[in-house]
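Colleague: With the hints as your guide, set chain B onto chain A.
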Amino acid sequence: MTSDAKKLSLLLLFIPFALWIALLIVLPHIGMFELSLKEKIAPRVYEYSLANYKNFVTEPIYWNTLLRTGGVSLLVTFLALLIGFPVAYYIAKVAGKRSKGALFLLCLIPLWVSDLIRAFGWILLLRETGVISTALQASGLIDGPIEFLYNDATVVMGLVYTVVLFMIVPLVSTLDGMDNEMIEAGYNLGGNGFTVLRRIIIPYAMPGIVAGCIVVFMLSAGSYLTPILLGGKNSSWFTEQIYDQFITRYNWESGAAFGFVLLIFTSFVVWLGLKLSGQTLSSTVAKS
Amino acid sequence: MGQAVQQPILRNGYRLYMLLFFVFLAAPLVAAGVFAFNDSMFPSLPWRGFTLDWFFSDVDPKIGMFHDRRLLRGLYYSFVIGSMVAALSVFVGTCNAFLFVRYDFRGKNFFYILMILPLVIPGVILGISILAMASNLANGVERSFGIELELLRPGIFLVVLGQFSFITTISSLIITARLKKFDSSMEEAAYNLGASRARVLRTVTLPFLRPAMIAAAIVAFLVSFENFNTTLFLVGSEAPLTITMYDRMVKVGSTPVLNAVSFFLMLGSALLALVSVLIQRDKSDQS
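The listed protein sequences correspond, in order, to chains A and B. Take 0 as the starting number for the first sequence in numbering that gives the first Met the number 0 and just add one per residue. Take 0 as the starting number for the second sequence in numbering that gives the first Met the number 0 and just add one per residue.
Isolated chain B, as found in the complex:
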């Protein structure tokens, strides 16, 4: 323990600071969650009693989130997009991890920086650059061949590509960190026992990487789920949940159903984050 915080006054002051900081962190989340249970048409004080209507009611004017078609559809699209982004980015991230940990090639450092780069490009710019390229391509194909490529117009496919473009950096970094800790004598032992390369990969290396791959998938899914900036420019008629919520907040004004969605999402993210932490912890015990 640092000596500067040995004196009781300083130590208690420091604790108070930490407490205030966590109150600051929690305040808006609590506000967003708590009003989901307020029996009122508006997410504000006074408190009019506890209700679950904003989740389950199917009577106008209080339509709960589980009966709100547009919100449910948004949830569904978010889920589809998040799963695709997670699968793709874990696959490419695993390839990248092997590429940068196991191989030496010319320009490796340069390519490594290229791999990190998407993380420091503002999301808005990733969105517009991919939108512009896809439209350019679609227009070109339409002019030359008369075929309309629906895939390259704003929609789920472009949203997935846009999110994938920077989430892959995150998954690559997570999986690379794990692969670096791999003790290659384990693979050598397997080779000495006569195993083939494919078999060693399947039975030794990939199981070792599994916790990191699962953690990377969870992180990718969550980042995709909550992404707004990149998605905003690439979204078509199949709007994911964040876009649906934003539209409603700006255009219609908020009712507590948005709080219900917020509460639901916070619960979901917290659970997934917990799973990812438990898996990561497991990993440090093994190695």
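With the rest of the complex left out, here is chain A:
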């Protein structure tokens, strides 16, 4: 191939990529940032100012909601890792060759079911007239119906449920690549189960752990359906605030500012996670 032809084909392949990233990712975000700096001073008259951000800082309910969203999402990430790691380890290292594929598939099937249907299922199980409450009454364990919905524990549980698969998939693929002999060697050198886990397995699985944590955290902090449907209207989730500003109050400037704050916040947490674990975005997320 001549170098001119090579250059031409490179250019042709670069065009769709550039259009996609520029028109749908970069420009909209620049536009959103610009919008967030506008302040309405009269109908159809705008001025550049930091009023929307000032509003966010001075109104405790807004940044409390953000901190709450972040805190709950960190908890969800931690729980998803705690619950998902043994499952991933079982699939990658303990299960036989045959059952391995089947178990992995079982893990993936709920991945392809919409958030909405999963939340709907939980509602049917957990509400006052739901399956669990009815079953407990029928068994005589409780006297009256119990409402399991609309509390923080249920929101956390629902979020863990929604995201745990995104933790398991990258973990299985990293643990799969690990040589069993490494684990054997650890035991032969006199390590007990805990030491082997801490000194050999976890360091090896680190890229998978970080990838899983990043995706899970972003999904949790950016989720909308699960907190609203399982936590009720007062679940105070930050995406709900954004929706409120954009759709209910039609205050796009303030909504854009909130969106930007969420983006900065989640990016910061992801960046911090990558720095602390010594990984990069392409060594983790791209691989899953």
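If you're looking for bench data, these hints aren't it; they were derived computationally from the structure. Hints should not be assumed to be uniformly reliable.
Unchecked claim - With a Cα cut of at most 27 angstroms, we get these calculated BS3-like pairs of lysine-lysine:
| id | chain 1 | residue 1 | chain 2 | residue 2 |
| --- | --- | --- | --- | --- |
| 1 | A | Lys232 | B | Lys250 |
| 2 | B | Lys179 | A | Lys5 |
| 3 | B | Lys180 | A | Lys6 |
| 4 | B | Lys180 | A | Lys92 |
| 5 | A | Lys96 | B | Lys179 |
| 6 | A | Lys5 | B | Lys250 |
| 7 | A | Lys6 | B | Lys61 |
| 8 | A | Lys6 | B | Lys179 |
Modeller: Frame of chain A; chain B shown alone:
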């Protein structure tokens, strides 16, 4: 097998844990699906006998999903949107795969990170940023030229763009992974036999990529079908199924017809997921 799980008690405990985990995974899906067959006005216990009314009945008050106009229309819009997103994202994803696997250019790593980025931007933000840009553009055109660009107002076109913006990352990653495994001696052999570049692409390289392209299309279709966060902000009057279902759940309260839709969707996704897995498996045998 790890030595830590050699002792029978630990091993059985571990198995029990796995079992509990899968019960946890299955519970809400089973609940959402099973009540589609309950002969009752409410998706809850007690069980009042088996029925298919919530799928096929056309008598009020039990309108089955296949006679419910709004749900069917939602299904149709979801299908149209999903197909467009799948086609677009596989096309751009294939271009991206060639771009990043076959070529070296300045700033390649930077662009590669840009390509992954949409996956870690919350869907809500993708939705509002695209909505804001499109409205801005439409307003500008209207002010300057007096033309109303209906296309840039919330509706199917914007929903497709919004979903495409992050699903392309997924399809690019799937197709890139496959292209990396390509043995370039196959192409060289074809060149040596006198084939042109276009012919080699058509008869050697693209057939090799086909399983990944089909898998990427299926994944894109399913992700589009179930997307809610991005769609919520971009949707116009042509609401896809997830939005229609959500509206009904929140405003009207749920009847088992929603369970019927859930069951139908789960069945569809499971089948498509199975197809995509079979195709992917096929690929590992070939290479």
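Colleague: Would you mind marking each hint as holding or not holding in the structure?
Modeller: We went through each hint and held it up to the structure:
Of the pairs offered as hints, the one joining Lys232 (chain A) and Lys250 (chain B) holds, with about 13 angstroms between alpha carbons and a cut-off of 27 angstroms not exceeded. In summary, the hint linking Lys179 (chain B) to Lys5 (chain A) is supported, as the alpha carbons are separated by about 19 angstroms, within the 27 angstroms threshold. Restraint check for Lys180 (chain B) and Lys6 (chain A): the C-alpha separation of about 24 angstroms stays at or below 27 angstroms, so the hint holds. Taking the CA atoms of Lys180 (chain B) and Lys92 (chain A), the gap is near 25 angstroms; set against the 27 angstroms cutoff, the hint holds.
Taking the CA atoms of Lys96 (chain A) and Lys179 (chain B), the gap is about 26 angstroms. The hint holds against a cut of 27 angstroms. For the given pair, Lys5 (chain A) sits about 57 angstroms from Lys250 (chain B) by alpha-carbon distance, which is inconsistent with the 27 angstroms threshold. With a C-alpha separation of about 63 angstroms, the suggested pair Lys6 (chain A) and Lys61 (chain B) falls outside the 27 angstroms cut-off, and the hint is violated. A threshold of 27 angstroms between alpha carbons decides the hint, and for Lys6 (chain A) with Lys179 (chain B) the separation of about 21 angstroms falls inside it, so the pair holds.
Hint compliance for this structure: hints 6 and 7 are not met, and every other hint is.
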